[in-house]
Amino acid sequence: MSDHDQNQPDTIVVTGGANGIGAGIVERLIEQGKRVIVLDRVAPAASSDLLTWIEVDLASPESTRNAAQQALAAAGVVYGLVHCAAYMPFIPFADISDDAWALTMNVNVGSAFILTQEFAPAMRAAQRGRLVFVTSSSFISPPPGLAHYVSSKGALTGLMRTLSHELGGSHITVNAVAPGLTATDRAKELVPQELFDVVASNQAIPRTGQVADHVGIVAFLLGPESGFITGQTILVDGGESHL
3 MSDHDQNQPD TIVVTGGANG IGAGIVERLI EQGKRVIVLD RVAPAASSDL LTWIEVDLAS
63 PESTRNAAQQ ALAAAGVVYG LVHCAAYMPF IPFADISDDA WALTMNVNVG SAFILTQEFA
123 PAMRAAQRGR LVFVTSSSFI SPPPGLAHYV SSKGALTGLM RTLSHELGGS HITVNAVAPG
183 LTATDRAKEL VPQELFDVVA SNQAIPRTGQ VADHVGIVAF LLGPESGFIT GQTILVDGGE
243 SHL
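Under our numbering, the first residue of the sequence shown carries the number 3, and numbering increases by one thereafter.
Simulated from the structure, these hints should not be mistaken for laboratory data.
Given the structure is predicted, the values throughout are model-derived calculations rather than measurements.
Errors might be hidden in some of the hints.
Pair by pair, the computed Cβ-Cβ distance ranges are [as the list claims (entries may be wrong)]:
#1 H167 x G241: 23 to 31 Å
#2 P63 x Q10: 27 to 35 Å
#3 H244 x F222: 19 to 27 Å
#4 G35 x G229: 35 to 43 Å
#5 F230 x P208: 41 to 49 Å
#6 F92 x G170: 32 to 40 Å
#7 S99 x P144: 17 to 25 Å
Don't be surprised by glycine CBs; every beta carbon is placed ideally from N, CA and C.
Produce the complete structure using the sequences and hints provided.
Written as structure tokens, this is what we have:
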């Protein structure tokens with residue numbers, strides 16, 4: 003039985019919460035009255051008494067552990083983790099360097115592993131918790147030039163599934179949300195409009211995905227109604243991919 007104080011807002015840690023899908027998630031959680039700790043290299047644009055920013059380099063295991071310990075010192079118990087940060091440069095397979103491979107794995111998978119290690123003990127003691135990993139529909143339908151990124155998202159999916167079994171006995175759920183191509187500011191810098199149009203034409207719902215399409219699913223997976231859902235990947239890609 004949890005000794006959670008119902009009068010205190012739950013604390014949710016969001017990596018990559020300064021922009022893109024992560025920023026949308028942060029805004030939704032603040033609207034819900036959650037206390038949010040953003041782990042990112044840059045400060046989030048959102049402003050609220052419920053929001054704390056901890057600067058971190060998720061490519062560095064040491065920096066990631068230090069940030070996790072700062073979050074625990076600030077919050078006591080972290081109820082939820084949303085791992086949204088990702089490194090995704092387009093690089094042909096033959097040109098991926100050892101450093102680029104390691105950087106991708108550290109940011110996209112390693113930091114989620116470290117943060118879960120740091121937050122899980124208090125979650126287990128409280129007998130409650132939520133982990134949501136933002137993966138990618140590219141793991142189902144991989145494009146060229148992203149072998150390192152797609153591999154990292156596959157590894158993150160495997161981590162999610164394994165953790166769902168290891169942590170489920172403590173009433174901690176672990177799930178993934180897999181967005182399709184989404185019109186974030188970063189994606190619009192990297193992806194030509196023609197590709198957005200081609201992807202949309204291949205979807206059952208023929209329009210480009212927006213940040214707002216993802217935040218509600220993540221909020222649901224963090225909430226009480228999702229307590230019997232774990233180890234699952236929810237595709238949010240307009241029906242382009244199928245599990």
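Hints, verified against the model:
1. H167 x G241: 23 to 31 Å: 29 Å, holds
2. P63 x Q10: 27 to 35 Å: Roughly 31 Å apart at Cβ, these two residues keep to the hinted range, so it holds.
3. H244 x F222: 19 to 27 Å: 21 Å, holds
4. G35 x G229: 35 to 43 Å: The hinted range 35 to 43 Å is violated for G35 and G229, with Cβ atoms some 19 Å apart.
5. F230 x P208: 41 to 49 Å: Distance hint for F230, P208 is violated at roughly 33 Å.
6. F92 x G170: 32 to 40 Å: 37 Å, holds
7. S99 x P144: 17 to 25 Å: 20 Å, holds
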